[in-house]
Every structure is written in structure tokens, then in C-alpha cells.
Amino acid sequence: MEVDRYVYTLGIDGETFMQGLKQGKIIGRKCPKCGRVYVPPRMYCEDCFIENKDYIEVHEPYLDSYTVIHYDNRGARLEPLTIGLVRFKGVSGGLLALVDGKPEIGRKVEIESFDIPLRVKVV
Amino acid sequence: MKTNLKYRKVAAIGAGMTQFRRRVLDTPQEMAWEASRKALDEAGLELKDIDCVVIGSAPDAFDGVHMKGEYLAHGAGGIGKPVSRVYVGGATGVMTAISGWYHVASGMCKKVLAVAEEKMSPGRPHPQAVFRYIWDPITEKPLNPNLIWIFAMEMHRYMFVNKVSKEEIALVSVKNKRNASNNPYAQLGGEITVDDVLRSEVLVWPVQLLDVSPVSDGAAAMVFVDGDIARRYTDIPIWVEGVGWTLDNTSWPGRELAYPRYLENAARMAYTIAGIERPQKEIDVVEPYDPFDYKELHHLEGLLLARKGEAPLLLKEGYFDRDGEIPSSPSGGLLGVGNPIAAAGLMKVISIYWQLKGTAGKMQVKKPVHTGVAQAWGDLMQASTVIVMRN
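Residue numbers (the UniProt record's numbering), protein chains in the order written: chain A, 1 to 123; chain B, 1 to 391.
What the hints contain is simulated information worked out from the structure, not anything from laboratory work.
The structure presented is a predicted model; accordingly, all values stated were derived computationally and were not measured.
Careful, some of the hints might be misleading.
Pairwise CB distance ranges (calculated) [as the list claims (entries may be wrong)]:
1. Arg119/A / Ser181/B: 27 to 35 Å
2. Lys163/B / Ile12/A: 48 to 56 Å
3. Asp4/A / Lys163/B: 26 to 34 Å
4. Asp4/A / Glu310/B: 37 to 45 Å
5. Pro145/B / Tyr71/A: 38 to 46 Å
6. Gln128/B / Asp47/A: 55 to 63 Å
With a straight-line cut-off of 35 Å between C-alpha atoms, the simulated DSBU-like cross-links for lysine-lysine are [unchecked claim]:
7. Lys30/A / Lys6/B
8. Lys33/A / Lys81/B
9. Lys38/B / Lys53/A
10. Lys102/A / Lys33/A
11. Lys89/A / Lys166/B
12. Lys362/B / Lys166/B
13. Lys53/A / Lys110/B
14. Lys163/B / Lys281/B
15. Lys38/B / Lys25/A
16. Lys108/A / Lys89/A
17. Lys81/B / Lys89/A
18. Lys53/A / Lys33/A
19. Lys81/B / Lys30/A
20. Lys30/A / Lys110/B
21. Lys163/B / Lys53/A
22. Lys6/B / Lys53/A
23. Lys166/B / Lys33/A
24. Lys166/B / Lys366/B
25. Lys22/A / Lys89/A
26. Lys166/B / Lys110/B
Glycine is no exception: its CB is placed at the ideal position from the N, C-alpha and C atoms.
Isolated chain B (complex conformation) (with noise of 0.2 Å):
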């Protein structure tokens, strides 16, 4: 990855967020409004100040609605102005930040809203049934698999491969959902035991239903602005240090399992732009996507802030606790607060927003922090998004 490239610096300085919640009452596009107005009014800017729009979102199908980019234009305060949707499953969320990125990094625009909705409630009986043609029509098909099977067959293989047992796996679920007891946006914070998870119901071996997230109903969004500009509006800026996304092949079958190699890869493009060399000494904070407990070690791994195998390890040590060496999840992340997919993205790069802005509230981790990561993951366990911010 070239690292000398010519492009303008980009800071956050707003972000808005709905509260998670099942079935709201709200359409997509109010929701979409809602988190819009709140980033403009933390921006201090008004829409007509909006260069362009970045709207984020998964499938269609989870709304229920087709062309979702274009239904949520003007509840995302798209209406005359340019407007891209991005779509890369479950890594979207972080993407839309990162498109809100390049759009004035590139020197095309000053001033960008971005905003990632998503409404899961609507499908019955379950959202999960949307999946249905993502899969190799010959080989895969056939067995009518779900995504949570090959999350199931991940996890499994990530707990054999590093000797991990399940009781260690649930202790991020313990964490994350304790440290959204603290988030107001939270759909799902509270005290739970590790027995808890382990007496739930199973749901596709070896996930259970304290292992997974919730389906979620939900939006968030964030002003992104041209360097040169930033401190007209906030004392604070939030500078977005380095970005890095990729895409693995779909023949997941083909391989190994235990290690996210495509986030590895995200993560070293980010770091490199970020000029981040040893990201365990200096990454503060971090919210890896964590749809499922396991998916969270896996991805501190993957992003370079353990070695392969010992995150739970560290993770038994306290190092990634809200009062930690590297607090993981200060929001609660998606198990915590849930998981609108596109939202929940980018939901975690706000989080991270908040804490380098110091305006976590709550959720403030407890050691000063300067560096922060968020990341994203989603697909065929193939799609990666990491974005590096700095105060």
C-alpha cells in the first residue's frame, strides 16, 4: 500500500445515533432522519452546508424495501445533492464512514453527511431468511444453510484450532453487555454470568443465544469535513488517520477458518496510512464488529492486538475491560447495543468518535486515550472494513 499518497485531511466533528431497539414504530427514512439531525446539530451545520451524502446500508430485503439508497435519500438529507450508497454486508456500516472519507479526502467535497440504516424487524419470522441466495447454487445450496451455520462452523474451528473453551468465549458477551449498561442507546445492556450464556438455548452448535447479538432496528450517522475547515466548527475535531478495506474470496470452504487473514489485511492497509507500526502499543481503544461473542477475539487477532490465539487470554486478564490496557467495546458493542447491521458499523466508528472527543459520557474509558480503531466484517466471512481515528 502506497503511503505517500496526496490527500486532504478529514476530521469528524458530528455524529448522531437512534436508540437500538426491536420493531420500532419509526419508517427507515424517520430513522434515517433522526440520526441526521442529531450529527448536524453535534456539527453545528445545517443540511443546505451538505456537500454530498453517503448512505449506508445491507441488503434490501432486511427493510423489505428495493433500492433502499434511493428510499432513504430524503430522510438522509440526500435530496438534490450527490448521494452513493455503499453495500458490502456486514462490513458496510465502517464503509460508509470510509466513504465518507474518500469523498473529501479525494477534494470533491467539504462537507459530507454519511448515515447507515437498517430495520431487521420487519422480515418474519426471522431476518436470517434474506440469505437464502448468497450461496454457491451447486455446491451449498442445496443443504439450505444459514449465515449463523458457517459462523457456527467458525467459531468451532477457532475454538479447536486455540484450545479455546466455550466459558472463556462467553466472557466477551459478560463484557460487552456490561459495558452497554452505560450506553442510553442500548437495546440489550445488563449483568449476565458466563453460566448464563452457557444455559442458554443452543441455537446452531456451538453458538447460543446469549453467544449472538439481537436482531435490531436502528440508525446512525456522522459529518465528515474537509481539514482546512474543521476547527471553524468544533475545538475538538476528530482526525480519520487511516482507512483500509478488502474482500476475500466467497469458497470460504477453501479456508482456514481460525484466522480472519481478510482483516489482517484491512487492518495493515489502515495502520499504514495511520503510520501505525505496532498497534498493540499504540492503539488505545478499539470496537471490533462483534455479532457473535467469538467474532470479537477473532477479531482483535485479526486487527493486530493479540497474537493469534491469545486473545482470550488477555481478554481473562482484564486487558480489554473498560479500565483495561486496551478497552474492546466501551460501547457494548453489538451484543451490547445491538445490531442494525449497517448501523451497528457504524454505530462503532461513533463510539470510538465519542471517546477520542471525550464525550463518551459513561462509556468513557478510563485511561486517556488518543488512538482509536473501529472495524467491520460481514459476507461470507469475507468483507472487512477498519478505520483508524486520532484526536
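Excised from the complex, chain A in its bound form (with noise of 0.2 Å):
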């Protein structure tokens, strides 16, 4: 990829959901026929291949798993940096965020910081 730089697009969904982390909202959309709801919220059903209906409003965070990184891309040595999977009760789908305090799979989490990538406190 040689071309200067990228100007990419959110997408219809795409955004939705920035203007969900502005309000300090996860929002997510849901297909009408199978129910599923997809976080970030997506235009389409990938099983039902219809078009996603309502808007949603997602709650109860949780940590689906978690990582500690030591080493960056170039090898470089970290400060010990936690990286967590975080999903929401009832949705499929899952955001990237920063962990703060002392992670464990399955423990709710607290939304410190609406942003990509999200900022999150174990409680």
C-alpha cells in the first residue's frame, strides 16, 4: 500500500455508534428475525442477510477475556499494558479496551472512557 494515506469511512453504522461515545452510549442494533444484537451495531444480519432494525442501547459490561502485553510490534519492551475483550449481557459482538485494576474473566466492568479504544475499570 503505497498511496499517501487512507481516508476511511465509518459507514452508516459506524456512525451511530461514534455518536453513541460521544453521549456516553454502547450502541448496538439488533436483527428482527434471529434477535441477535451486534455491538458495534452493523446495517445487516451476517445469517439472516436482512437489514438490521432497531438501535440499542447496551448495558452490563463484562470481560470475556483478557491479555497482558510485555513486547509491542517492534519488539520493544512495555510497561505491562492489559488489553480486554469486553462484551455486554445478551449481545454478540465485543469491544477492545484498556483495563485498569486487577482482571478476571467473567467480572463486570465499568466504562471509565467512551473512546476507541474504550478505557475500562474492573469492579
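Bring the two chains, given one by one in their own frames, into a single complex with the hints.
Shown next, in the form of C-alpha cells:
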């Protein structure tokens, strides 16, 4: 890839998701047929292949998994950094997050900053 | 090429496209979904009916996402199914249809969704810059060429050998942009004149701004099914009767640029399979690949629809007009509809499919049509793909 830079678009649902973050909300979108809730929201259901319907705010984030990073992509040593895979109750899909506090799989987290990446705190 | 091959008959029963535009808000996946959904709707199928999915896209670097086949899979309906991606540069779009065909023809799948997508606008300042590493690293790379350079040389050679003027070539752009004004999916339809083309900005002589197709984003999709079940879903299956594809050498400086021999080989392969002996008599409508106006003429000759050097004359006589003997690019082609590389090639196949089905609306050509040909071309003027369809 040798162009100077790329200007990506968020996509239709990406816009909605970012607007949600600005308001301190995590927005998902629900398939009217199978009920699956996509987070981040997606325009269509990949299984039913129809347009998803309602945007909904999702709640109750928890740690689905986490890892502790000691080296970066170039091999340089880092202060250990905890990255979590955050999911929401009753929702399929997840978001990456920087994790504060002592992580444990299955534990509830609190969202400290609504950004990309999220910052969450284990409660 | 053997003609007594044993393969299953294949029909196209549905197609869909996004409108071609520049800088669309939708993500590549959303565009792929929109085209796929429309194709399934036209076919009267749901995703669960589809056995396998073929994805076509040109370099990952256009969208700026690596491994684009995988990236597009959920938008193209591929999740949990056999998915394959095809890529032969600009020839990809028609190769996507050909690949859809052989998944069914082989007997492996009954119903295939073939999807092509390209988003050209994320790359700045210009998507042409992604071609930096396709050149011979020793003899060509030091000049830092781009594809428009070498196509300009091809155009110049074609003009010189066949004694063709810029005015005669500009007529292609005039025709295709006019045809595109009847196409609801088109980005750049309209009435222009030969003078407009000749007065447009010189990019790489003899290529001027209105000689070349625009940068576009878009997606296209088609459904191909086994011949035995086609009539369950439609009264008008459109049969894939012949396919052909070739790759010439990358040593393009060693080739005669005035004539696309790689295309003649691909066309002969497709015609042999389709049983076509006299292409000019037997083919009713054609969509040759036209990212540049001279390419349509070059390709009409390679497709054996005109003798070498004869295409400009026939064009001037109206032979390739929408109401002519062999209407060429009735969709408006890449010059008029737009050029999201892989999607543009599949758009050509869809155009022929709609013409043969009689559902091309305002694009429908005047005369009755029974046999149509779509073609695409790419890489270092070396790849070509051809598909023949009948109603």
C-alpha cells in the first residue's frame, strides 16, 4: 500500500456508533428475525442477511477475555498493558478495551472513557 | 480447447448493484451486502439457499484493508460457507462470474453467489499510487511508472499502427457517457462532444481527462444456479454458454501493443465452448471493458467483432450504437457508469444479463438480443476474461 494516506468512512452504522460514544452510550443494532444484537452496530445480519432494525443501548459490560502485553509490534519492551475483550449481557459482539484494575474473566467492568479504544475498570 | 467437456449447465437468475459513486459513506462490507441482497431478491432466494460464495476484488490496497476476501465475507454472505476469492487485476470482475460458473458447472454447488466490490476513493491523493510494486524491479521501477503511462503508450501505438485519430477515439467516450445517462446506477452519464474530450486536460499524452473512466466506489453481485433447477426460480434463466480467460507475459515492452492477443485467446476459448464460429454474425450485444475510450475499440477487435484497425470506422458508422448492428456498452461502460475495478467488470456481465432478460429498462437495446458477451481486462495489459451468455 503505497498511497500517501487513506481516508476511511465509518459507514452508516459506524456513524451511529460514534455518535453514541460521544453521548456516553454503547449502541448496538438488533436483527428483527433472529434477535441477535450486533455491537458495534451493523447494517445487516450476517446470518439472516436482512437489514437490521432497532438501534439499542446495551448495558452490563463484562470481561470475556483479557491479555497482558509485554512487548509491542516492533519488539520493544512495554510497561505491562492489559487489554480486554469486553462484551455486554445478552449481546453478540465485543469491543477491545484498555483495562484498569485486577482483571478476571467474567468480572463486570465499568466504562471509564467512551473512546476507541474504550477504557474500562474492573469492579 | 476441448469442446466435449462434461459439465453442468449454468444459469444466471439474479443480479444486483449499488450505484457507482465517488467517496460513498458506506463501508466496503455494506456495499457488498447491498449488492448481494438485491441479487438474492431478484433470484427469489435467501442466503440459506446459497451453497458457496465467490468474492472478487482487485488489490487490497484500493480499499486500504488487507485480505479483502476475508474482510468482505460477512457482507457477501460467506459466513460458514465455502468462500473463495479471485483476483486477476482489472479482469477480476468477469473472472468472478466465471468462477461462479465453474463452482456450479463442476457439480460442486447448486447455487452460488458471486460478489465483486471495490472502493477506490480511500487512497489519497490518488488510487493509482497503489501500483508502485507491480513493475519489473530492475528495468521499469526506477522510472516510477504508473498504469496510465503504459496504457497511453498502448493507445499511441494503436493510433499509429491503425492510422486512427484522437477524434475517432473520442467518439467512444461520447457514446458511452450518452448510454450511461439511461443507467440508474451510473456516476458519469451525460451528453458530451468530441470537442469536449479533445479540450479536456491532458493527463499522460495521448490520454486526456475525458478519455478515461472516473475513480469510483461500488459493488455488484450475481446468482448462478445449476441448469436443472433454474426454472424453479425464474421463467427467463440466462445461460452461461462460454467462458475464457488468459494471462499474457508481464514483459509488455516485448509485445505488439496495437493488438490484444491475450484477449483474442480468451475470446476464442469462450466462443469455442459456446459454439460460436462467426462472432460478428452471432453476437447481438457486447460489453467490452472500457476504462479508456481506445480500449473499447482495441477490445472489440480482440473479441473478433471487428477486423484489426476496423473498429473506429464501424463506430463512426453507428455500428456499435445502442440501435446499431452490435450495440457496444449499452450500459454506458466504465467511462459512463464508473470504474470500481472488480465491481465494474461484474457490472458488464450484469448489463448483458439484463439485456438478454429484457429487463434493462431504458438501457435496453433496440433490436432483439439472444447472445451477449461481456469482457474485462487488466494487469500489465496481460489479463483478459470473457463470458458468453444466451437467453
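| task | Could you work out which earlier hints the structure fails to respect and list their numbers in ascending sequence? | result | 1, 3, 6, 7, 10, 11, 21, 22, 23 and 26
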